[in-house]
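Undergrad: In the order they appear, the protein sequences are chains P and E.
Heads up, the first sequence is in this note's numbering, so the first residue is 1 and it goes up one at a time.
Heads up, the second sequence is in this note's numbering, so the first residue is 1 and it goes up one at a time.
Some but not every residue of chain P turned toward chain E, in silico, with C-beta under 10 angstroms:
id : residue
1  : Q37
2  : M41
3  : G42
4  : Y48
5  : G96
Hint data in this document are derived by calculation from the structure and do not stem from the laboratory.
No experiment lies behind these values; they were computed from the predicted model shown.
We put the CB at the ideal spot given by N, CA and C, even for glycine.
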Amino acid sequence: NAGVTQTPKFRILKIGQSMTLQCTQDMNHNYMYWYRQDPGMGLKLIYYSVGAGITDKGEVPNGYNVSRSTTEDFPLRLELAAPSQTSVYFCASSSGQGIETQYFGPGTRLLVL
Amino acid sequence: DQQVKQNSPSLSVQEGRISILNCDYTNSMFDYFLWYKKYPAEGPTFLISISSIKDKNEDGRFTVFLNKSAKHLSLHIVPSQPGDSAVYFCGGGSNYKLTFGKGTLLTVNP
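Bound conformation, chain P alone (with noise of 0.2 angstroms):
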């Protein structure tokens, strides 16, 4: 039992490129998040999802997008990445029942130069 995986741990971005931030949960759960933290601050919800199909944006869209096509998989995107979207990326599951304990992954350390 995994958890919560990311991948790429890490990776430099040229100003203007894209790239896919990967997520997978092997726990089945329908609620999933991505959160991203600035140095020195907390976690602000980029994009969540309640099951497959389903996503809605959180506290900081702007310049993300996401999907669910599956139960297990939740990518982000950056489309045109800008020095503001340095960062690390944590992607989150919970199960959608009770208090809800989000469990989270290890983390994407993104740089944009």
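Use these hints to put chain E onto chain P, whose structure you have.
TA: Below, chain E alone, put in the same frame as chain P:
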């Protein structure tokens, strides 16, 4: 508008003593609160939670206290161990979404 505030960026305690991490919130709609621990270069790890209808929850060395009238919660770690050194995030939850504070760096000195 910061709905969850952790006003102490850092805290240093001696091994074996109590660590108290504090968290204030403004959103009365939070149904539950969670504490996460984060080591460098790793994802946050769930530590302990509390429902908004409770005032205390205990799990081993970790206890969370909730004071709804003051919109304040605290995490107590007793006794503190060097392995507890990490950043601790407080989060308020409602409608299956969490809002996090900025975190407190706890350093436990041997």
